[in-house]
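S.K.: Respectively, the protein sequence lines represent chains R and B. Per the working numbering, residue 1 is the first one in the first sequence, and the count goes up by one each step. Per the working numbering, residue 1 is the first one in the second sequence, and the count goes up by one each step.
The hints are simulated quantities; they were obtained by calculation from the structure and are not laboratory data. Treat the hints loosely; a few may be bogus.
Which stretches of chain R does chain B cover? Using the computed rule of at least three CB atoms under 8 Å from a CB of chain B, they are [said to hold, decoys possible]:
1. 72 to 80
2. 89 to 97
3. 167 to 181
Only a predicted model underlies this, so the values are computations on that prediction, with no experimental measurement involved. By construction, the Cβ of each residue, glycine as well, lies at the ideal position given by its N, Cα and C atoms.
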Amino acid sequence: MPELLQLQQISGGYHGRTVVHEVSLSVAEGEAVAAVGANGAGKTTLLRLIMGQLPLSGGRVLFAGRDLGRLPTFERVRLGIGYVPEGRALFPEMSVEENLEIGAYRASKAELRQCLDYIYHVFPKLQRLRRARCRLLSGGEQQMVTVGRALMTRPRLLILDEPSTGLAPRVVGELYQALRVLHSGGLTVFVVEQNAYAALRFAQRGYVFEDGHITRVAPATELLHDPRLAESYVGRASPMARSQGPA
Amino acid sequence: MLQLQTYLLLLLTGIMWGGVYLLMALGLNLIYGVMKVVNLAHGDFIVVAGLLAVTLYGAFQAGPVLAIPLAALLFLLVGLAVYRGLLARVDTAGPQGELRTLLITFGLSSIISNIALLIWGGQYQSVPFFQSSVRLGSLFLPESLIISSLVAFVLAFAVQFWLIRTRWGRLVRATAQSELGAASCGLNTSRIRLLTFALGAALAGAAGALTVVLIPVQAASGGFVTVQAFTLIALGGLGNYLGALLAAILLGVIEVSSSYFLGASAASAMIYLIFILVLIVRPQGLLGQRGRI
Numbered sequence: 001m002p003e004l005l006q007l008q009q010i011s012g013g014y015h016g017r018t019v020v021h022e023v024s025l026s027v028a029e030g031e032a033v034a035a036v037g038a039n040g041a042g043k044t045t046l047l048r049l050i051m052g053q054l055p056l057s058g059g060r061v062l063f064a065g066r067d068l069g070r071l072p073t074f075e076r077v078r079l080g081i082g083y084v085p086e087g088r089a090l091f092p093e094m095s096v097e098e099n100l101e102i103g104a105y106r107a108s109k110a111e112l113r114q115c116l117d118y119i120y121h122v123f124p125k126l127q128r129l130r131r132a133r134c135r136l137l138s139g140g141e142q143q144m145v146t147v148g149r150a151l152m153t154r155p156r157l158l159i160l161d162e163p164s165t166g167l168a169p170r171v172v173g174e175l176y177q178a179l180r181v182l183h184s185g186g187l188t189v190f191v192v193e194q195n196a197y198a199a200l201r202f203a204q205r206g207y208v209f210e211d212g213h214i215t216r217v218a219p220a221t222e223l224l225h226d227p228r229l230a231e232s233y234v235g236r237a238s239p240m241a242r243s244q245g246p247a
Numbered sequence: 001m002l003q004l005q006t007y008l009l010l011l012l013t014g015i016m017w018g019g020v021y022l023l024m025a026l027g028l029n030l031i032y033g034v035m036k037v038v039n040l041a042h043g044d045f046i047v048v049a050g051l052l053a054v055t056l057y058g059a060f061q062a063g064p065v066l067a068i069p070l071a072a073l074l075f076l077l078v079g080l081a082v083y084r085g086l087l088a089r090v091d092t093a094g095p096q097g098e099l100r101t102l103l104i105t106f107g108l109s110s111i112i113s114n115i116a117l118l119i120w121g122g123q124y125q126s127v128p129f130f131q132s133s134v135r136l137g138s139l140f141l142p143e144s145l146i147i148s149s150l151v152a153f154v155l156a157f158a159v160q161f162w163l164i165r166t167r168w169g170r171l172v173r174a175t176a177q178s179e180l181g182a183a184s185c186g187l188n189t190s191r192i193r194l195l196t197f198a199l200g201a202a203l204a205g206a207a208g209a210l211t212v213v214l215i216p217v218q219a220a221s222g223g224f225v226t227v228q229a230f231t232l233i234a235l236g237g238l239g240n241y242l243g244a245l246l247a248a249i250l251l252g253v254i255e256v257s258s259s260y261f262l263g264a265s266a267a268s269a270m271i272y273l274i275f276i277l278v279l280i281v282r283p284q285g286l287l288g289q290r291g292r293i
């Protein structure tokens, strides 16, 4: 399978402080990949580097073989990377449907309708809530809107930043069920998660991320049964940080 | 009976003045709402537009009907230039970013007001248009106030309509509510910011060319106008449109009635007294999040 997303030894951070160190990673077309790690490991920074929210201090990001260089975020989205950012970044004073429509603001009326129908098929709940103001929705509903809005850009690759944060376990289950549906429909998915259990049960392959480095890459099922990682499923204090450090 | 009429006149005049103040704050509110930038040169845009209208009147006897669109167009271009040349070149993210934009627009304000001082001198000037009074029963209202407030309310409504009903307006609101969200929908947010800043500057231009028939200005009045406009939008909840409308009417009525009962100097004290009270009781503004664009 051809690589859709390739990170070649990328580094970067904030104000001269490097958070992500020479990370190499790839996501093949049609694959579902998770990067799991403790809070503060640099997962969000990694995604911000991929999306051009932060400048790279080294390395390259390739999408469909093309070096993204210094392209701004919106250009990357237009190339086909759907982005579900940390904290959801919804338009809180707009309705669910308005949020979704802005995701497809460049589409024709017919395309827009088609996209909306698809989103409502994946998230039937959103159809009932389509007139509701996003600010008033529950966390799970808001997360569905964010995923839906990213899908409206008709991405080839969907990137999600900690989609389970702040959600009840049952809601996390529903969300990942929807991601399974999307993935089986042919969408390539890359998710970073602190909730390693949920993400690795969904993904085919997993990267373990510690202190800004990739320390392991393995099939998700193998990582799921790793006793060291298993500690993190029950939510003990920073189990990742206690493992062996950079490999 | 006479008293009732007095109250009615005070209320009506207050609402009208509120409309004028709203117009003078419209551009500032739009720019803050979308960009989180307080344009400290806003008042200078208004003042220079007013002085231009004075010059136009002096040279061609041209009234506000010509001066308003000209000033709006001119300041649209000024807005584009200021954004492209200054604001787009600095990192505006984070708390440091806010300080940077304040410094830049403050510097711009000094430059503009000093150039204006060189061109127009320091005297107060006005455009003697719409100078008659209109009789409403036994009440008399100055024509300049009626026309200014009507245009002001129409413009405020037009901006609101544009923001809510049109495609571009919607994209502007989306960017105001979440810039990251807008970018992740594929929106070129820096173009939206450019458009917003230019539009906010054009609104300041239009406001200046209109209100100069009512409020005489001189080159250095800009700072005071900015403070007044900022007070209004802070009272309404920064970036909040409905709140600004409410605050404008409140300020207008308070100012007019307190200057009637207590004298003109007490009026401006009353306004800031109310402002401080609102900041203490409702720091998020009269309406807070409700009615945000």
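S.K.: Failing hints, ascending?
M.R.: 3
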